[in-house]
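Engineer: Taken in order, these protein sequences are the chains called A and B.
Note that my numbering numbers the first sequence so that position 117 is 117, with each residue one more than the last.
Note that my numbering numbers the second sequence so that position 6 is 337, with each residue one more than the last.
The reader is advised that the hints may include incorrect statements.
Simulated crosslink set (DSS-like; lysine-lysine; CA at most 25 Å straight-line) [said to hold, decoys possible]:
1) 281/A / 461/B
2) 105/A / 348/B
3) 281/A / 105/A
Far from chain B, some chain A residues (derived; all Cβ distances over 12 Å) [to be verified]:
4) 46
5) 50
6) 55
7) 57
8) 167
9) 176
10) 217
11) 260
12) 267
13) 328
Simulated coverage check for chain A against chain B, where a stretch passes if three residues somewhere in it have a Cβ under 8 Å from a Cβ of chain B [what the hints assert, rightly or not]:
14) 4-18
15) 185-198
16) 269-275
Don't read these hints as lab results, they were simulated from the structure.
As the structure is a prediction and not an experimental result, all values here were calculated from the model.
For every residue, glycine included, the Cβ atom is placed at its ideal position computed from N, Cα and C.
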Amino acid sequence: MIVDQAGEIIVDFLTLSPSLSKIPSASALLDTSNFTFQAISYGKDPSAFNHHAHFLYLSDYSAIVVQSYEPLSVSSYHSSAIASALLGYKLLPKYPDPLDKRLEKDSCRTINSGFSGLDVGHCANHAIKAIYSDNYRVLGCFPPSGGVDYYVVSSYDDPLSKIIYSGTLSSTYNQYGLMDVSGFLTFAPLNGAQGKAAATAGQFTSGVLLNLPNNFSSTGRVPVAWRLDAGDAGSLLLYGGVYHLGLWCLDVKAMLAEGHKPPFAFNALNNIRKYRLFAKKTFNKDLLYINDGTGLAAGLGGFNTLFNNGNPPVDSDWNKYVLYQWTIRFL
Amino acid sequence: MNIFDYLNINGHVTVHKVFDNGTEELVYDDHNVIVSGMGVGLSCFFGLSGSNSVLDYQIDRFQLGVSGVTSNEVSTTYQLSGPLSSFSEYVGAEGELVAVSANQFANSLISQPVWYSLIPTHNITRINEKSVRYTLTLDKNSCNNLSRNGSDVSINELGLFMKNPFAFSTPAPILVAYKVISNIRKTNDFGLVFRWTLNF
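Chain B extracted, bound-state conformation (with noise of 0.2 Å):
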């Protein structure tokens, strides 16, 4: 048994889209999946063989992709299947989101670098001794309207990164969960919030 076995390691996605008038209206609700960059991280830290700092090792941000599909949801997933490519995919023209590139630490690896929307540390929050909840807010102007070879496309997948466990001198942030989660065409009449838990 593995530490994951013991401790019954898992999570827990909602995605809720906001309104103006400050509603919000559940679209998404459902289990996600803790992938094996969990494990390569916690045996890195506990192993000594990384960084030697915590912050390494906290999950400080997140991509969203439009290639999701379920057969992704298994615990070999290194990487989204087609995360959003470009600042200007993440942030648009007026979005809010805090938009960076960095290499990314797949299967062995470390790719050619690609963006991450980062995770502001108010949006961390321990609501009990074994659980942390990432919220991830997309505001209004956020990621809309994206699109692929000049077809609409929909957010459909998302990832949970620890930031560089391998304290590589340019950051490689390596994927610990991730969620396929049905079509959400963005667009600026609505922000998103995705409020991911995960229970240890």
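With the rest of the complex left out, here is chain A (with noise of 0.2 Å):
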């Protein structure tokens, strides 16, 4: 859906004055990227913040610990399986409407032991601050670059000695700077060409992509593709999945009532940048179920199968992880 404030996002850009391009210190702002698409954000249903592998803090471990619900049998974790599994807990996000500012309207804070996180309507990337250093295991939903364990656990009762598969979990967003606390994942400082380029050579590891075909004038259709490797895409499983997808633009209105100038460049650890929502995606189902039949049936499939066998992929050894590519039609 692409939501209202896009409406007013390119009437920002049709009613910019032609006089600034005389006054040096605000020319900048007549660029295009003022205006263009710049994060993707993951989203999923408000509870989810304080269920999944947000529940349980335990201080004296430095590790994500999530229950299973499935059978103990399975080596698998994925959130679609805990609807039915705890009661009162609602597992679909609320619906999209045009109005929408954000992925959630409802509170996504996670709350737990006497501390708390970010409220920004979508999975935020905690790991990143040091600030969070202590917490941000609960409070999600990125692992560090450098790693974290991670256990499922088949009770939360002494649940570290119902461990029935665990892992490290590393963030390729983290490794590369692509996402900052708010977890915006940028994207790549690419024209529609170059990202073509890119995408087409599987080089994900400068942000999102617009991924534009040659005939994209006739078609009007614009791709946006990126990539979210086994280490994120684990992590974000174990924190609830994902049911939305945001695609985001600059809001410059409100960089400039900061004090900021263009051009606002981003920096993952201090990102001055601040979005306004341009479209969103809402789905019924996590985007990370995995039903692998022949792969759980051997333990192996699911999270297993996603985590390349408790082997977190390297930058030669991209063969896990998901691709998105999300298409907006101007015609």
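Since each chain sits alone in its own frame, please combine them into the complex, following the hints.
Structural biologist: Listed below in structure tokens is the structure:
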């Protein structure tokens, strides 16, 4: 769904004063990048931010811990299974509304053991900020680049004695500095042709790409493509899956109001960028749901498959990832 | 669904005659047609495949024509049927319009130079968060007594153009909105004001 704010963004650039080009300190406002797509975010239902791996905080252990809702013999965790496992827990996200300005209107703040995380309406990336170093494992929703252990347990009662599957997660997004603390995955600074070349070559380590076909002007289709590596995908899975995707432009007015001047560079650790929602997509089933029957039967499917059998991929081993392509139609 | 379906992008045109004593007479009031060129321009913008300057995606000019037919009021229309074809047709001897010649990007081709009238920046007004109004003013000395092959003709079509989305070295505007109106035989007895509002 393209939300109403998209129309506001279009009117913003249609009515920008040409006289700005004569003012050196303001002429950069006329660059198209101030109004084009700049970020992707992942979301889920608000209550999920206090379930799944957001639920249990073990101060003595530096690990993500989540209870499996599958039979104990299955070494898999997927959030869709939780629907029938917890009474009163609503799995589905809010319906999309053209007036939406974030992925979820209700609070998406994780509150646990006396601390709380950010409420940005979607999955934040607490691991990147030092102030969350003691509790990012509960706040989620992405692992640090250096890795963090995870335990899928059969019960929260003495959980460390009931581990049914474990391993280590590491974030490619954080390794390459592509995502800020608010969970905005940045776009690569490439134009449409360069983006297509990078996507064709499988080079996604500079961010989200515009995978623009040669005939885009006759079809009016602008495909946005990005990769969710196994470490980040597995982490999102443990924290409740992916039920929303958000496509964002910059909120130039908000940044100017804070005293920032263009160009508004992306910096994962200290991002001055503010964003405005352009489009969102809401799903009624976890995008990371894996129903690998053969693998499950062998104890190697689902989660285990995504994790490359316990060996998160490295640069030369990009064979385990989720590739997204979201096409915005202008004709 | 495309962006037009989601946002219900549409437009509206009013045409007033303006007389020397300042009075206005409404002579036309109807919706317009957003044509495919708008989608082409926006896909170029959001696909980062044209100009890097926002100014090239702005709607900064219009054309008037004399051969409009309602069957052209469809989204596939990419040019006016009979646009005014010279500086003198726009400006005449004493008119105040600013007319310029430039190529046109039409149906994926660049045409030979055609004439446009520029919209002064102060006549581009944001009237709310999602709407912009273009006020096209023809003073009483502009576009008068038009003729084709010796016969009198009337203004009956108009179009709005995006400046140069593909950043061609010689600008090639693209038609983004189109409207056929009832015949108006323009003379120096009155001016015309077109108030054209696009809603995003």
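Engineer: Which of the numbered hints above does this structure break?
Structural biologist: 2, 10, 13, 16
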